[in-house]
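Let's have the full structure, built from the sequences with the hints guiding it.
What follows is the residue order along each chain.
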Amino acid sequence: MLAYGIGVNAQETLPRPLAELLDEHCVECHDSGSDLPLFSQTSHWDSTGATLADVSVQARWLKALERVERAQMPPADSSTLGERERADFVRALETSIIEQQNAYRSLNGRTPQRRLTRGEFERTVQDLLAISLPLQPLLPEESREGGYDRVARGLRFSPLHVDQWLVAVDAALDEALQFGPRPNTDPQRFTYRDERGIRSNLTSDHPVVRDLGDSVAIFTDAAYITRLHAMHFEVPGMYRFRIRAKAFQANRPVVLQFHLGNWSKGSTRMVGYWDVLPDEYQTFEVIARVENNEYCYPAPDQLMAASPDSNIWNTAAERYAGEGLAIEWIEVEGPLQESWPPESVRRVLGDVALEPLERERWEQGRRIGYEAVVDDPHGTAEASLRHFAERAFRRPVDSDELTPFLELAHDALENGARYEDAMRRAVRAMLVSPQFLLHHEPLGRLDDHALANRLSYFLWGTLPDEELLEVARSGRLGDDQVLRAQTERLLGDPRSRVMVNAFVDQWLDVGRIDATTPDGRLYPEFDELLKQSMIEESRAFLAELLTHDRPLRLIVDSDFVMGNRRLAEHYDLPPIVGQEVRPIELPADSPRGGILTQAAILKVTANGTVSSPVTRGVWVQSRLLGQPTPAPPASVGAIEPDTRGATTIREQLDAHRRVPSCAACHRSFDPLGFPLESFDVIGGYRSRYRSTVQGERPEYLLRGRPIWEYKIGPEVDSSTVMDDGTSVADAADLKRWLLTREPEIARHFVSQWMTYATGHEVERADHAEIDSIIAAEQADDFRVRGLLHAIVQSRLFREK
Amino acid sequence: MSFVFKLGRRNFLRAAGVSIALPLLDRFSRGDEELEQPPQRMVLICTTLGLYGPNFFPETEGNDYQAPAYLKVLEQHRRDFTVFSGLSHPEQNGSDGHASERTWLTAARHPGLAGFRNSISVDQFAAEQLGFVTRFPSLVLGTTHSSQSYTHSGVMIPAEASPSQIYADLFVAGTPDEIARQRQRLSEGRSVLDAVRREISKLSQTSTPADQARLEEYFESVRQMERRLLAQEEWLERPKPKVELSRPEDVREDNDLIGRMEALFQLIPLILQTDSTRVVTVTVQGRNDVPPVPGVSIDHHNLSHHGQEAEKIRQLELIEQAQMAALDRLLADLKAKTEGPRRLLDLTAVLFGSNLGNANSHDWHNLPIMVAGGGFDHGRHVAFPADNNMPLSNLFVKLLQTRGIEVESFGTSSGSLDW
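In the order they appear, the protein sequences are chains A and B. Everything in the first sequence is counted per our numbering, starting at 18 for the first residue and increasing by one. Everything in the second sequence is counted per our numbering, starting at 234 for the first residue and increasing by one.
FYI, nobody ran anything at the bench for these hints, they're computed from the structure. Backbone N, C-alpha and C define an ideal beta-carbon position, used for all residues, glycine too. Be aware that one or more of the hints could be misleading.
Computed, partial: chain B to chain A, Cβ under 8 Å [as the list claims (entries may be wrong)]: (1) V388; (2) M389; (3) I390; (4) D402; (5) E421; (6) V425; (7) A443; (8) R447; (9) L448; (10) Y451; (11) R485; (12) H534.
Which residues of chain B face chain A? A few of them, derived with a C-beta cut under 8 Å, are [as the list claims (entries may be wrong)]: (13) G348; (14) S352; (15) S386; (16) A428; (17) R431; (18) E432; (19) I433; (20) T441; (21) P442; (22) D444; (23) E450; (24) D487; (25) N521; (26) V529; (27) I531; (28) G540.
Derived DEER-like restraints, expressed as beta-carbon distance ranges [to be verified]: (29) C46/A <-> R311/B: 47 to 53 Å; (30) P647/A <-> D561/B: 42 to 48 Å; (31) Y241/A <-> N521/B: 21 to 27 Å; (32) D561/B <-> W330/A: 37 to 43 Å; (33) V184/A <-> A413/B: 18 to 24 Å; (34) Y241/A <-> E411/B: 35 to 41 Å; (35) L551/B <-> E713/A: 47 to 53 Å; (36) G595/A <-> G348/B: 43 to 49 Å; (37) R350/B <-> H246/A: 46 to 52 Å; (38) E355/A <-> A413/B: 34 to 40 Å; (39) R480/B <-> D144/A: 37 to 43 Å.
Pasting the structure below:
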């Protein structure tokens, strides 16, 4: 990166001890004529005369530092490098690198100026304008450099961004400026008995629904049956849905899934799911956003067939004895607005009178029922824009800065534009301006506004609320105790799940859950509910550790999981009722506990068909232990998957590992993956592999029906020997082994969280700060909330 | 499936009442002399889940190869395409098995790994050189919104997936009211960006040197966008070409990969013949669901990881045969249209292939690649060593050069590929 060279005078030659050690121990293999000409000569950092100020030169030396530090270089069998010399080498090189990084930072700070990510943009605009319109789909994807989409280095600019910010802001302002007539927001109740489609199905030759007098029983999730045509939406927004239902012909709960969207446009999404009990009706409630021309689709799920060969499609509803869902009514209320025209209009226009028109009119396809009445448009515009700018720019704004936006509004007014159109233009400019899109962080220690902004975006992913702003305005946020109290307050707010979810999704790769879909023949039990439950488990687990300040080592092993009934089934745990996620105590013999045996992790480390100890081992090594894994040599082909049931992955890998150049790295990470072979690609426990070709028929049933899709294949062997010689039989042994590396795991965890919190990767110059957090928190078992406070209180968080 | 672009250039001008005096660079206003040098186009198509190798690569080199199953589908075009083996981008091991999807048109190394930054894709590079000489410098199409086209700063340009929207953008004239509103929107956009641009330069005065570099990138992005808005405003004044095809319906089903691919392919000859753009990319995005191809019951992505199972390979072949058949029709359509004495295909280099060589193992070497049309000498299987691949970028350089773009290198090229 160009910026690295700016204004920094770097040390041009190698420090003496380093040059001597290189001469003696490295150049023989790495000289300019070699295959690996890393150090072409030993007087300068690079043969071109470039210094550590050059980012690629620095990266090369960092790699050398890591390899020597971990004793991976020089090669053990030919090295004469003593331990003391190794320490000298590491110290000399590390000192040079840290000096360089500090010199750079004294001019530029640590975190380059970040722009809003697309998630931050969405939440910020929504909060500023009091709207719920999703904006992320309108914006370019972020590239996630350094592991997280908030890392400044990856947050680039392009004409495409500018184009799409303009589009997204337009859409947001369209949504905010609602002058339509007041919609009827009273609750309305609907029943399936009044649905035309249901009535015609009831009288057809082969009904798949049954009229129960007070309700209608449904046995299928087919959209054409479950869609409630009578309920339609004219005004997009947040609505409250209430569904009254009970399980039918069941002696255990059935699942009610609630979808919104438009099936024929492929836009349906699950917005709620609940366990529904037999015997008596219960009411379930969810608040969700709906767009124009969308419908709701309440659907039964996880229904048990009455007998292995019966289903609703071959048995008419009156005679069908299997489980179903009886729905009495569905109620809808909304759009949920406290006033009309909605608050969003005043957020854009300021404090103006909104008066109903005597006669409605149409304008560009929209009904208009209200208008803004403004006596002094110029003055009102100025006051409103000033107020808006202070919120949008997240800091005090001087008049000078306001001028270009005011000019836009005033020019428009001069040219005869209506007040709302003039304001719209100025606000549009503000929302694509650098003051809005960029986080303002001056060099050195963050002032209170910048600190409030960083804290709020870290924990909530959006702008500071009024209380935090007030503390910043009063100049007290820099006080350790005040900062701590505000951190506590923000963590106590449900919005802090934004941080928990985004961090888990990226640190553990849970966000890649949809990268592959399990093979429907090998894993017929996989469904949407299970997928949602696994995502929720991984996220809720960190939330639980954070909320209750539990020790970090629980991420390696815990005596509980966070789950619901669907997940408890998947994990073979004693039965529970309810689809809400809560802590579930594990039986002593359960292989679960910690993150490694979470279904989401096991799924994202496998493809939809087979798992690989290599992928999983590399995942454990990089995500948990924080050791970078070198990329495989370009010439090495991956293992060719073979699911015919004739060979196991272990047999294939053994052949791979007999090649010495492969074994050098594989011996460190394969053993971290083998113990997880006891878990399949959807995180189910297995003692034998499944196969579609060779093997025995399963004797157990899947939701009351036989399994014809797969066969039971070869046995799983989860044993291995770690690189340090420890024998490991299974995942429980692996967890025990990992617990001996607790400080290493804590160090990596804190580094990752720090990266997320500050928007910049942890570099060598940061190691001392991270080490001091680790040293201070070790006595307290690395309690997770304590770690978060340590991060927020650290110099790294409180300086640019 | 074929349709005729009936209005000749002159007829069109007369019909639309356009004055030749308009200060235009577009195709319809050019003199006959320039028509002697007709524009060279390129279409770059990638199917992201690979193509089953044994059915794609001929066993022998040269002219007399025995066509394997997939090339048999293209038998009628045998003299109009060249099939390559032994091409790939170097160092594509990335963050996951499909990471090379992101770099098929860019050749950036190690997609997704630490320090990775994508670079400009070959189509956007060409579009940048050509500019607004056509209504659209490039068109980025796909079966989903996912594309392989990237900006300078490595940002993915979302693909347009709706044929009906593409049709509207290219061929449907707005009402005077709509045009006026559009003009208003564009000029308002420019005035907004003009205000913003001034703010950026003010801010950079108090920034650190590193942040100034970032602000500069932002500034440049805004400036380019302003220029684009201006160019769009100019194009707004020019009538859109009329075509005989009526507005197509979109393929609604997400899983209908082939249907979506065919619907896009159907528009390509019209896009090119009306000179709406000279650079088109199509990403045929493999999916985790079952495409409605008769005989296929397993999802496409899983089939690509066939694990040598005979049944999976059989089903995979059905999907890939259908893709080859779509390509066959595209090539036939491009041959059927002419521009002056030449077939449209001869003025259009069509690159078809994948970012995966062996999808079963996510291998990104030995990519299946073919080039049709474009005025090249065709009919051969050109083989490079399987264990020492030729950079695919060399082929990109050749395509660019023959499209009239002066360039010595692109991506990881070591030269220009001649065959």
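For each hint, the structure was consulted:
Interface hint status for V388/B: upheld, as the beta-carbon distance to the closest one in chain A is roughly 5 Å, under 8 Å. This hint holds: M389/B has a C-beta 6 Å from the nearest C-beta of chain A, less than the 8 Å allowed. Look at I390/B: its Cβ gets to within about 6 Å of chain A, closer than 8 Å, so that hint holds up. Interface restraint check: D402/B against chain A, minimum CB-CB distance 14 Å, threshold 8 Å, status violated.
Look at E421/B: its Cβ gets to within about 6 Å of chain A, closer than 8 Å, so that hint holds up. Contact between V425/B and chain A, as hinted, is supported at the beta carbon level, the nearest pair being about 4 Å apart and thus within 8 Å. Against a cut-off of 8 Å between C-beta atoms, the interface hint on A443/B holds, since the closest Cβ of chain A lies about 4 Å away. The restraint placing R447/B at the interface with chain A holds, with a minimum CB-CB distance near 6 Å, inside the 8 Å limit.
At its closest, the beta carbon of L448/B sits 7 Å from a beta carbon of chain A; the interface hint therefore holds under the 8 Å criterion. For Y451/B, the interface hint holds, since its Cβ comes within 8 Å of a Cβ in chain A; the closest pair sits about 4 Å apart. For R485/B, the interface hint holds, the least distance from its beta-carbon to any beta-carbon of chain A being 7 Å, beneath 8 Å. The beta carbon of H534/B comes within 7 Å of a beta carbon in chain A, closer than 8 Å, and the hint placing it at the interface holds.
The closest approach between the C-beta of G348/B and any C-beta of chain A is roughly 7 Å, which is under the 8 Å cut-off, so the hint is satisfied. This hint is violated: S352/B has a C-beta 12 Å from the nearest C-beta of chain A, more than the 8 Å allowed. This hint holds: S386/B has a C-beta 4 Å from the nearest C-beta of chain A, less than the 8 Å allowed. Taking 8 Å as the C-beta contact cut-off toward chain A, the hint placing A428/B at the interface holds, the least distance being around 4 Å.
Among the interface hints, the one on R431/B holds; its C-beta lies about 6 Å from the nearest C-beta in chain A, closer than the 8 Å criterion. The restraint placing E432/B at the interface with chain A holds, with a minimum CB-CB distance near 5 Å, inside the 8 Å limit. At a threshold of 8 Å, the smallest CB-CB gap from I433/B to chain A is about 5 Å, leaving the interface hint in force. At about 4 Å, the closest approach between the beta carbon of T441/B and any beta carbon in chain A falls short of 8 Å, and the interface hint on this residue holds.
Nearest Cβ of chain A to the Cβ of P442/B: about 4 Å, under the 8 Å cut. The hint holds. The interface hint given for D444/B is met, as the beta carbon of that residue sits about 4 Å from the closest beta carbon of chain A, less than 8 Å. Here the hint on E450/B is kept, as its CB sits about 5 Å from the closest CB of chain A, short of 8 Å. A distance limit of 8 Å between C-beta atoms decides the matter here; for D487/B the minimum to chain A is near 5 Å, and the interface restraint holds.
Of the supplied interface hints, the one on N521/B holds, with its beta-carbon coming within about 4 Å of a beta-carbon of chain A, less than 8 Å. For V529/B, the interface hint is violated, since its Cβ never comes within 8 Å of a Cβ in chain A; the closest pair sits about 13 Å apart. Evaluation of the I531/B hint against chain A yields a held restraint, the C-beta minimum of about 7 Å falling below 8 Å. A hinted interface residue such as G540/B counts as satisfied when its beta carbon comes closer than 8 Å to some beta carbon of chain A; here the least separation is about 3 Å, so the hint holds.
For C46/A and R311/B, the Cβ-Cβ distance of about 51 Å falls inside the hinted range of 47 to 53 Å, so the restraint holds. For P647/A and D561/B, the hinted distance range of 42 to 48 Å is satisfied, since their beta carbons lie about 44 Å from each other. Under the hint 21 to 27 Å, the C-beta atoms of Y241/A and N521/B, about 24 Å apart, fit the expected range. Checked against the hint of 37 to 43 Å, the pair D561/B and W330/A passes, with Cβ atoms roughly 39 Å apart.
The hinted window of 18 to 24 Å between V184/A and A413/B holds, with their beta carbons roughly 20 Å apart. For Y241/A and E411/B, the hinted distance range of 35 to 41 Å is satisfied, since their beta carbons lie about 36 Å from each other. About 30 Å separates the C-beta atoms of L551/B and E713/A, a value inconsistent with the hinted range of 47 to 53 Å. The hinted range of 43 to 49 Å is satisfied by G595/A and G348/B, whose Cβ atoms lie roughly 46 Å apart.
Taking 46 to 52 Å as the suggested C-beta distance range, the pair R350/B and H246/A conforms, at roughly 50 Å. Checking the proposed 34 to 40 Å range against E355/A and A413/B shows it holds: the Cβ atoms sit about 38 Å from each other. The given range of 37 to 43 Å is respected by R480/B and D144/A, whose C-beta atoms sit roughly 40 Å from each other.
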